[in-house]
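A.B. asks: Going line by line, the protein sequences match chains D and P. Position one of the first sequence corresponds to residue 56 (the working numbering), numbered consecutively onward. Position one of the second sequence corresponds to residue 2 (the working numbering), numbered consecutively onward.
Just so you know, the hints here were simulated from the structure itself, not pulled from any lab data. Ideal placement from N, C-alpha and C gives every residue a C-beta, glycine not left out. Any given hint could be a false lead.
[As the list claims (entries may be wrong)] Covered stretches of chain D, as calculated for chain P (at least 3 residues, CB under 8 angstroms):
(1) 323 to 333
(2) 447 to 461
[Claimed, not checked] As a list, the in silico DMTMM-like pairs of lysine to aspartate or glutamate whose alpha-carbon atoms are at most 20 angstroms apart:
(3) D:410 <-> P:269
(4) P:271 <-> D:324
(5) P:235 <-> P:252
(6) D:320 <-> P:41
(7) D:410 <-> P:267
(8) P:30 <-> D:275
(9) D:320 <-> P:85
(10) D:463 <-> P:244
(11) D:410 <-> P:256
(12) D:320 <-> P:252
(13) D:332 <-> P:267
[Stated by the list, open to error] Restraint ranges, calculated between C-beta atoms of paired labels, are given here:
(14) P:271 <-> D:82: 34 to 42 angstroms
(15) D:470 <-> P:177: 49 to 57 angstroms
(16) P:270 <-> D:403: 24 to 32 angstroms
(17) D:279 <-> P:4: 21 to 29 angstroms
(18) P:27 <-> D:78: 38 to 46 angstroms
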Amino acid sequence: MAIDPKKHEMPTQAPEVRAHNFQEVALGYTEEIALAEASRCLNCKNQPCVGGCPVNIHIPEFIGRIKEGDFEGAYQIISQTSSLPAVCGRVCPQESQCESKCTLGIRFEPVGIGRLERFVADWHNANVKEKAVAPESNGHKVAIVGSGPSGLTCAGDLAKKGYKVTVYEALHTAGGVLVYGIPEFRLPKSIVAKEVDTLKELGVDVETNVIIGKTLTIDELFEMGYEAVFVGSGAGLPNFMNIPGEAYKGVYSANEFLTRSNLMKAYLDDPKTPIMKGGKVAVVGGGNVAMDAARTALRLGAEKVYIVYRRSMEELPARKEEVEHAEEEGIDFRLLCNPVEILGYNNPDNPRDPKNGFVTGIRCIKMELGEPDASGRRRPVEIPGSEFELDVDAVIMSIGTSPNPLIKSTTKGLEVNRRGGIIINEDGLTSRENVYAGGDAVTGAATVISAMGAGKVAAKSIDALLSAK
Amino acid sequence: MYKIIRKKVLNPTVTQMEIEAPLVARKAKPGQFIILRVNEEGERIPLTVAGTNPEEGTVKIIFQIVGATTEILNHKEQGEYIQDFVGPLGVATHTEGIKNVCIVGGGVGCAIAMPVAQEFHRLGAKVTSIIGFRSKDLLILEDEFRECSDRLEVMTDDGSYGRHGNVTVPLKEMLEAGEKFDMIITIGPLIMMKFVVAAAKPFDVPVTVSMNPIMIDGTGMCGGCRITLVRDGKRITKFACVDGPDFNGYEIDFDEAMSRGRMYFDYERKAHEEACNLFKKA
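Model the full assembly from the supplied sequences, consistent with the hints where possible.
C.D. replies: Listed below in structure tokens is the structure:
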């Protein structure tokens, strides 16, 4: 049988429909499509895809189970290495990870590994009602700081080995960036809640409303009897460009805009937390977060949404599928442009004019690509005299985040690098004894799956440390 | 869930509650704040800690009913619960080396100023307090201030109690009479703090102001609380939640902070009306 050169498409909501609702964009494979897609896997001997996965999921094995129609078996194989399959199947940048290594991809499109992973996880969640069972306790206590992807993964791996794990979360809902950052239409919050519930079934305690570094310190956690601590506190602090006008009303960090919409549910018709809806919106940046912010603004009723990015489409760091979805929905990409000033309304005759201080536009300058910089990408250079203005009512800055200093500033002997990232060794160990770290708190803003990988490494090291006691 | 242990109405628009939150009670220092949500759908609002009882495990908050959330909170009674309560957030008020302090509070800001005044009194500093209100009906915490202050001036805008006028009147008098404060700490409406800074400037007295901008998470994540400091002609962005809430009053861009504070003015007014109507119907 000849191999289908193309990946099976995933059914999605039509762009003109989904641009006005917050329901999930991609609807997932049916059993039929999953079987057909699984049959494209060559089951090659050297399994390059596994090496492309930050948590080394046994990809050909789980796809093999799908071929046999054993979907639960496939789920069990994924679960051996991944705690959050329904999440990763949705948000991983597979095109630069597992699928980029796929042998089939040399001649054709690679196997849709991410789509199959999502199918398997959704099948399990829909069809298997058995609860996870907490294993027998080994008597060791571990504290996890932050309930994002690295923390949940570390907690899950340790709980499965019998550790008594407590996860401390600063916000009122567990999930970290999965709940405050990634929008409902890309990752339904019910899926995150399900993953957190599974951890609770495994015996993990989740304590919300506790800020480590404020409510409790790392030292106090050790006094409370925890034998090891994993810090997965994320890269919380939003960056701004330091250009004139960033204090005008209507300028948001992507974190604020998305937190208002996602965590605080400002997207509802009668929200308790306000957000600017409608009008024209410019999102500055080209990452996944920028795509999320732009598409959220559109769904909140914006008549026009721009992405303003200083390099070209080729360098745009967002996941390919998200960029395609955004383009289909009508997001206007203004590439090779960089903002130089945000413009606001000021009525010189009436200082009490209610419109005073609100955003009216953004002034940008056109860019061209020069020589490659330290990151290997071609450096954008301003074209003199090419300034132009876009009329907008809101500007969302999505140009990255920095690690939160709350823990560093209250933990003696915890070393960080120049950018504030916690320094760790290959085992995930920090400069403090028995304190491990991973995820964006170490690397600065990165992906969900790399954070999960770091959580796994730390869990393994913590197990090695404590089981030797 | 966090239990309301005690509730006390201080005046028709200001209420005091003591909330059971042992971890916060153990840690909170004067000048720090908490964030709460009243119910599952509610918004997060920051409120400055007005006192703690670590033995009992309670934290005192004092709030003015200004919007939908504070309206709903005010309808909660002793023994009932609120959904979320997290803290302590922000940096505590600096007290080191200050032997002679002037505390200037306005309106509900006096609730925040009070524990700061008490702390300086406890540390043995000379405490002068100036507290101002629109009228006698809105007066709060006079006895508490009297207890911890070496000198107290109570001002009302309409002259219905204490002295007639705003808080800068006695402040200027004292400074002109040669009073050498090590620090003036002012907490209240932005416009009042701006005038306190202006009054102190000719006398070269340091002024600390307590900022209370729009905020969501309170841990530095959203950047909604950003304020601009002007230092040596350069504009510097700071996050009130992690860098503050206290700042050098001479550096604050007050006009910008006032403008940003009105971002959701229309929404908030409407939401408050709706909340009031809801309680009227009930």
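A.B. asks: Take the hints in turn and mark each one as holding or not.
C.D. replies: Now for the hints, and whether the structure bears them out:
1. 323 to 333: holds (count 3)
2. 447 to 461: holds (count 3)
3. D:410 <-> P:269: The given pair, whose Cα atoms are some 16 angstroms apart, holds under the 20 angstroms limit.
4. P:271 <-> D:324: Since the Cα atoms of residue 271 (chain P) and residue 324 (chain D) sit roughly 14 angstroms apart, the hinted pair holds (cutoff 20 angstroms).
5. P:235 <-> P:252: Since the Cα atoms of residue 235 (chain P) and residue 252 (chain P) sit roughly 10 angstroms apart, the hinted pair holds (cutoff 20 angstroms).
6. D:320 <-> P:41: Holds: residue 320 (chain D) and residue 41 (chain P) sit about 11 angstroms apart, inside 20 angstroms.
7. D:410 <-> P:267: holds, 11 angstroms
8. P:30 <-> D:275: holds, 18 angstroms
9. D:320 <-> P:85: It holds: about 16 angstroms lies between the C-alpha atoms, which stays within 20 angstroms.
10. D:463 <-> P:244: holds, 14 angstroms
11. D:410 <-> P:256: holds, 15 angstroms
12. D:320 <-> P:252: Given pair residue 320 (chain D), residue 252 (chain P) is violated - Cα atoms ~35 angstroms apart, limit 20 angstroms.
13. D:332 <-> P:267: holds, 13 angstroms
14. P:271 <-> D:82: 34 to 42 angstroms: holds, 37 angstroms
15. D:470 <-> P:177: 49 to 57 angstroms: holds, 52 angstroms
16. P:270 <-> D:403: 24 to 32 angstroms: holds, 26 angstroms
17. D:279 <-> P:4: 21 to 29 angstroms: At 23 angstroms between Cβs, range holds.
18. P:27 <-> D:78: 38 to 46 angstroms: holds, 44 angstroms
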